[in-house]
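K.L.:
Here is what each chain is made of, one letter per residue.
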Amino acid sequence: MNNASESDHGKLLYQAKQLGLRALTLVEGLRVGDQKSPTRGFSVEFAQHREYVPGDDVRHIDWRGYARTERYIIKQYEQETNYTAYVLLDLSGSMSYGKAGKTKHEMAQLMAAVLCQVAASQGDAVGLKTIDAPSHPERILSFLPSTKSNRMETLLSQITKLLPGPEREQENTPPLMSIAMREISERQIRKGMVIVISDFLEPLPGLLKEMYEIRARGHDLLLMHILHSDEIDFPMEGQILFEDLESSGSLVTRPQLLRTSYRKEIQNWLDEIDVACTRLQITHFLARSDRPPDDEFLKMLAFRLQKKRVAKI
Amino acid sequence: MHFLVPWMLFGALTAGIPVALHLLRKSKPTVVRWAAMEFLRKSLKETSKKIRLRDLILLLIRMTILILAALALARPSSSTLFGSGPIDAILLIDNSQSMSTVEGQFTRLEMAINSAKQLLSNLPKGSKARIISLTDQSVELAYNNINETDALLAAFLQIKQTDRSSDFYQGFANAIDILKSSSFSQRKIFFFSDMQKSGWQKEAGSFISLTQNLPNSISLHMIRQGSDVDINIQLVDFQPASGIVLANQRQTWTMTFRNRGFKPVLGVKATLGAGGDFESAESTTIEKLEAGDERQATVELLLPIEGYQNIKAIVGNDRFVKDNQKEKLVQARKKLQVLIVGAKSEIDPNRDNGFFLYHALRSGASDSSNSGIEVKQTSGKSASLDYLDDSDVVFMVDPNLSGPESIPEGFLEKLESWVSKGNPLVYFAGSNYAKTMETEPKLAGKFLPPCNPEINNISSTIATENLPQGGWFSRFRTAPLNLISQSEFRKRVVFDSSRLQQSALLGYFLDGQPLIEMRMIRSGFLTLLPWVPDLTYTDLPLRPSFVPFVQTLLSRIIETSNDSKNPSISKELSLRLQSKDIIEGEKYKWVSPSNINFPATMEKSVDEILFRGAFTVPESGIWKLEPLNPASTKINFNTNLVAVQSSNEEGEELNPLQSNEIDEILGKPVFHQENTGELNSGVNTGEITNFLLYLLFGFFAFEMFFAWWCGQPL
Numbered sequence: 001m002n003n004a005s006e007s008d009h010g011k012l013l014y015q016a017k018q019l020g021l022r023a024l025t026l027v028e029g030l031r032v033g034d035q036k037s038p039t040r041g042f043s044v045e046f047a048q049h050r051e052y053v054p055g056d057d058v059r060h061i062d063w064r065g066y067a068r069t070e071r072y073i074i075k076q077y078e079q080e081t082n083y084t085a086y087v088l089l090d091l092s093g094s095m096s097y098g099k100a101g102k103t104k105h106e107m108a109q110l111m112a113a114v115l116c117q118v119a120a121s122q123g124d125a126v127g128l129k130t131i132d133a134p135s136h137p138e139r140i141l142s143f144l145p146s147t148k149s150n151r152m153e154t155l156l157s158q159i160t161k162l163l164p165g166p167e168r169e170q171e172n173t174p175p176l177m178s179i180a181m182r183e184i185s186e187r188q189i190r191k192g193m194v195i196v197i198s199d200f201l202e203p204l205p206g207l208l209k210e211m212y213e214i215r216a217r218g219h220d221l222l223l224m225h226i227l228h229s230d231e232i233d234f235p236m237e238g239q240i241l242f243e244d245l246e247s248s249g250s251l252v253t254r255p256q257l258l259r260t261s262y263r264k265e266i267q268n269w270l271d272e273i274d275v276a277c278t279r280l281q282i283t284h285f286l287a288r289s290d291r292p293p294d295d296e297f298l299k300m301l302a303f304r305l306q307k308k309r310v311a312k313i
Numbered sequence: 001m002h003f004l005v006p007w008m009l010f011g012a013l014t015a016g017i018p019v020a021l022h023l024l025r026k027s028k029p030t031v032v033r034w035a036a037m038e039f040l041r042k043s044l045k046e047t048s049k050k051i052r053l054r055d056l057i058l059l060l061i062r063m064t065i066l067i068l069a070a071l072a073l074a075r076p077s078s079s080t081l082f083g084s085g086p087i088d089a090i091l092l093i094d095n096s097q098s099m100s101t102v103e104g105q106f107t108r109l110e111m112a113i114n115s116a117k118q119l120l121s122n123l124p125k126g127s128k129a130r131i132i133s134l135t136d137q138s139v140e141l142a143y144n145n146i147n148e149t150d151a152l153l154a155a156f157l158q159i160k161q162t163d164r165s166s167d168f169y170q171g172f173a174n175a176i177d178i179l180k181s182s183s184f185s186q187r188k189i190f191f192f193s194d195m196q197k198s199g200w201q202k203e204a205g206s207f208i209s210l211t212q213n214l215p216n217s218i219s220l221h222m223i224r225q226g227s228d229v230d231i232n233i234q235l236v237d238f239q240p241a242s243g244i245v246l247a248n249q250r251q252t253w254t255m256t257f258r259n260r261g262f263k264p265v266l267g268v269k270a271t272l273g274a275g276g277d278f279e280s281a282e283s284t285t286i287e288k289l290e291a292g293d294e295r296q297a298t299v300e301l302l303l304p305i306e307g308y309q310n311i312k313a314i315v316g317n318d319r320f321v322k323d324n325q326k327e328k329l330v331q332a333r334k335k336l337q338v339l340i341v342g343a344k345s346e347i348d349p350n351r352d353n354g355f356f357l358y359h360a361l362r363s364g365a366s367d368s369s370n371s372g373i374e375v376k377q378t379s380g381k382s383a384s385l386d387y388l389d390d391s392d393v394v395f396m397v398d399p400n401l402s403g404p405e406s407i408p409e410g411f412l413e414k415l416e417s418w419v420s421k422g423n424p425l426v427y428f429a430g431s432n433y434a435k436t437m438e439t440e441p442k443l444a445g446k447f448l449p450p451c452n453p454e455i456n457n458i459s460s461t462i463a464t465e466n467l468p469q470g471g472w473f474s475r476f477r478t479a480p481l482n483l484i485s486q487s488e489f490r491k492r493v494v495f496d497s498s499r500l501q502q503s504a505l506l507g508y509f510l511d512g513q514p515l516i517e518m519r520m521i522r523s524g525f526l527t528l529l530p531w532v533p534d535l536t537y538t539d540l541p542l543r544p545s546f547v548p549f550v551q552t553l554l555s556r557i558i559e560t561s562n563d564s565k566n567p568s569i570s571k572e573l574s575l576r577l578q579s580k581d582i583i584e585g586e587k588y589k590w591v592s593p594s595n596i597n598f599p600a601t602m603e604k605s606v607d608e609i610l611f612r613g614a615f616t617v618p619e620s621g622i623w624k625l626e627p628l629n630p631a632s633t634k635i636n637f638n639t640n641l642v643a644v645q646s647s648n649e650e651g652e653e654l655n656p657l658q659s660n661e662i663d664e665i666l667g668k669p670v671f672h673q674e675n676t677g678e679l680n681s682g683v684n685t686g687e688i689t690n691f692l693l694y695l696l697f698g699f700f701a702f703e704m705f706f707a708w709w710c711g712q713p714l
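Keeping their order, the protein sequence lines are chains U and H. Under the numbering used here, residues 1 to 313 are what the first sequence spells out, in order. Under the numbering used here, residues 1 to 714 are what the second sequence spells out, in order.
Hints are computed from structural coordinates only; laboratory data are not their basis. In this text, all values refer to a predicted model and were calculated from it rather than measured experimentally. By construction, the Cβ of each residue, glycine as well, lies at the ideal position given by its N, Cα and C atoms. Any given hint might turn out to be false.
[To be verified] List time: in silico SDA-like cross-link candidates among lysine to any residue, alpha-carbon distance up to 20 angstroms:
#1 H/LYS45 to U/ARG59
#2 H/LYS312 to H/LYS376
#3 H/LYS50 to U/VAL252
#4 H/LYS49 to U/LEU257
[Stated by the list, open to error] Pulled a few chain H residues facing chain U out of the computed Cβ check, cut under 8 angstroms:
#5 VAL31
#6 ALA35
#7 SER43
#8 LEU44
#9 LEU58
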């Protein structure tokens with residue numbers, strides 16, 4: 001990232017840290033933290049009463065309640081814990097679209113760095129996994145979640161060094177994001193947060209299925225959807241040869257003739273993702289790589305802060 | 001269907017431009033590396049068929065526009081597009097002089113007649129055609145149904161080439177009037193002409209009034225004949241250098257000619273000869289004559305016999321022959337007999353006031369016996385009536401018209417008769433003339449005009465020493481004699497070229513006061529000059545140049561006298577003969593140079609008979625007056641000829657008007673067709689072209705809309 005983006009980064013990070021990255025679901029952590037834990041413990045904030053069952057510690061019996069109801073009632077309190085956040089960062093060739101300084105990859109880098117630092121600043125464990133074609137194993141990095149500050153520094157340094165994948169492959173690339181999401185949902189046993197930063201330009205059914213899987217396992221899923229304005233508005237003119245960034249395919253056409261139909265297609269796709277996200281209670285944040293993300297991004301964080309916790313689906 | 005400008009059809013090849021542009025654009029697209037290919041493919045799949053169809057339609061529209069433009073520019077024409085109903089057609093055929101121009105094997109007139117014949121064959125059944133020949137006059141020759149071919153073809157045979165100039169207005173006006181009263185629903189005027197400017201521009205302003213109220217059912221069709229003439233030599237004039245044509249002497253003649261084409265001409269041959277056989281012709285060659293240049297060539301010619309003779313001059317040889325040659329009837333004399341009738345000088349009784357004139361006339365040649373002029377001087381009192389019979393020119397130097405020293409009784413009457421037969425009289429009017437005008441105006445003004453009705457004392461106005469400085473006379477007053485050539489003088493003298501006027505001013509002094517007045521008296525003419533009484537050398541008018549002035553005056557008078565025998569094409573043909581030359585009771589005819597006979601009308605007077613040409617003189621050249629029965633003729637063939645000059649506006653230059661200029665004069669666009677021999681009667685050029693243009697505009701508008709709708713503007 002260049003100096004300007006670093007400066008943007010600093011400003012955004014400062015504001016984001018004020019808001020924090022709150023998990024919308026109940027998360028399970030190893031340490032006491034800011035996040036609600038699904039387990040009940042001995043904390044300050046009362047959670048609920050329940051019937052005593054043999055094996056419960058008698059110290060937790062609410063004797064006043066027994067006096068009122070003549071039943072043994074256990075008094076439970078909220079347990080606050082930290083969460084484990086996994087950031088999946090898309091490094092595929094399609095992320096290289098855009099002018100220098102405004103590529104989708106650079107926007108993804110910024111998002112990843114900010115989110116990681118915000119989470120770390122809350123004491124949450126943050127892990128990172130980069131996603132690229134299996135033919136480039138050296139570009140697939142995996143940082144296990146950790147709260148250690150030195151690990152965070154390494155992670156941030158790695159994020160900064162990341163480059164988008166080779167632009168054109170001979171073969172069609174597999175749905176890398178879906179595969180990575182499945183891996184994460186299978187690997188992460190404790191309920192945590194999964195942050196996916198990608199353009200999601202791969203078959204939607206597979207993506208939706210994996211989104212469902214992640215949510216079904218109780219994880220909080222945050223989709224950071226990075227697209228360039230060109231990909232949404234399709235403003236080009238003239239006779240243009242479009243070369244696929246991820247495969248050897250290409251086609252020649254006049255965009256002005258396809259504009260309406262293209263916009264309709266991409267809007268349908270975005271709508272479909274939105275509908276699925278709403279249904280699955282997933283945060284879907286669409287960022288345009290050629291516009292500064294600040295306001296929208298901060299709004300998203302604020303929204304998450306205010307929103308009630310959502311249940312497991 | 002045929003095309004008037006067929007080479008414009010090559011423009012249809014431009015229909016390949018949209019295809020080429022399409023391929024060119026495809027071959028060099030901008031490369032964009034794109035991530036969201038899947039959406040692109042999907043939308044392309046959905047819309048590709050539509051796009052291809054739109055592209056194809058646009059391509060076809062654009063190609064059609066270019067093809068239509070090429071077709072419209074090629075000006076298609078079709079005879080099959082005539083209306084279905086019969087037509088009342090008027091065929092105006094120009095037979096003016098310019099139509100004699102040769103185009104390949106045919107003259108323009110022959111081409112026009114062929115075109116007209118083919119047009120007739122293409123008219124719908126039931127049509128009627130009226131054939132009218134048109135020069136500066138229109139002559140209706142036939143009005144028949146088109147199946148009456150014999151009558152119509154006979155009418156074509158009557159159309160002869162004329163040397164007349166053209167003036168199309170009246171012909172068109174008549175034709176339109178005729179068609180206005182026609183009962184046919186379709187009425188058309190077809191004009192077969194080379195569209196000479198002179199014919200259109202004589203009454204250019206009047207055409208608009210004709211076409212303004214033209215009913216829609218009457219249409220005008222211009223069928224142009226001939227092509228541009230780039231080389232056109234015109235013989236302007238030819239005359240003897242001395243002004244006097246003498247027999248048995250080798251004389252220098254000056255031929256003036258001009259290149260009226262727009263290309264230089266090399267090796268221009270100028271030939272001059274006498275007689276019909278042209279045997280004694282002499283030639284000279286000018287190496288190069290630039291476009292627009294006028295040149296004079298001198299040719300020596302010997303006329304072996306005296307009397308009236310036909311002199312013919314030919315210059316160059318181009319497609320328009322009529323203005324390359326001229327014929328003149330000239331009177332070759334052994335000597336020019338000049339009679340000077342004067343009066344005694346008031347100052348010096350021993351000297352006659354014609355003294356200086358006598359010497360000026362005799363000084364024309366160093367050897368006065370060989371100058372070609374024989375001068376007889378007499379005082380008024382002793383002037384014999386018989387002197388007039390032997391004289392060719394008479395100078396009256398202010399003789400006494402009354403009193404004891406006056407001219408004999410009856411002299412003036414005989415003089416008038418002598419002049420009216422075609423002889424020139426020069427009258428120097430001085431104090432005696434002015435005195436008689438005051439005392440006996442009836443006597444003085446019998447046939448002599450008042451010298452200057454505004455100023456009674458003529459002498460005081462003409463005094464040489466009172467001539468103001470400046471003006472063209474000052475040059476003759478001061479210039480050395482040897483620097484003043486006759487040609488310069490001639491240029492300075494204004495002759496009225498139109499001999500239709502009975503009186504014409506030869507020149508001006510200053511401020512409109514006449515220096516010389518020339519007056520036609522029947523065939524002859526009177527030249528009146530002011531004269532200073534008691535003439536001394538210092539009083540001579542034009543003091544240092546009096547001699548060239550008098551000699552130039554004499555030669556010009558002789559020339560004018562000859563020209564009066566040579567009427568132009570627009571002037572009435574007439575010949576005055578002594579009654580002894582003809583047979584009483586015999587009927588006579590005029591024979592044109594191409595041996596066509598015309599009736600001669602006869603007017604008898606006491607001692608002579610005047611034959612007139614009571615018809616429109618169509619041809620230039622030498623016309624003969626012959627008895628209807630040649631066997632009984634006793635006519636004197638030296639005096640039965642009249643040379644008609646062919647000069648008219650068309651002879652000046654061949655200058656056709658372009659179609660748009662004709663439209664401008666007519667005040668509306670009419671149908672035009674260029675026809676140079678390959679005849680096609682198609683005349684709906686304008687209609688088809690208009691239709692194609694409407695179609696083109698329609699397609700163009702549709703293309704604009706469709707391209708905008710498709711998002712593919714040009």
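K.L.:
For each hint, tell me whether it holds in the structure or not.
P.N.:
Consistency of the hints with the structure:
1. Taking the CA atoms of H/LYS45 and U/ARG59, the gap is near 71 angstroms; set against the 20 angstroms cutoff, the hint is violated.
2. The suggested pairing of H/LYS312 with H/LYS376 is violated, with an alpha-carbon distance near 33 angstroms, which exceeds 20 angstroms.
3. In summary, the hint linking H/LYS50 to U/VAL252 is supported, as the alpha carbons are separated by about 16 angstroms, within the 20 angstroms threshold.
4. About 12 angstroms separates the Cα atoms of H/LYS49 and U/LEU257, which keeps this hinted pair within 20 angstroms; it holds.
5. The criterion of a C-beta within 8 angstroms of any C-beta in chain U is met by H/VAL31, whose closest approach is roughly 5 angstroms, and the hint holds.
6. Interface restraint check for H/ALA35: the shortest CB-CB distance to chain U comes to about 4 angstroms, inside 8 angstroms, so the restraint holds.
7. About 4 angstroms separates the beta-carbon of H/SER43 from the nearest beta-carbon of chain U, less than 8 angstroms, and the hint is met.
8. The beta carbon of H/LEU44 comes within 6 angstroms of a beta carbon in chain U, closer than 8 angstroms, and the hint placing it at the interface holds.
9. Contact between H/LEU58 and chain U, as hinted, is not supported at the beta carbon level, the nearest pair being about 11 angstroms apart and thus beyond 8 angstroms.
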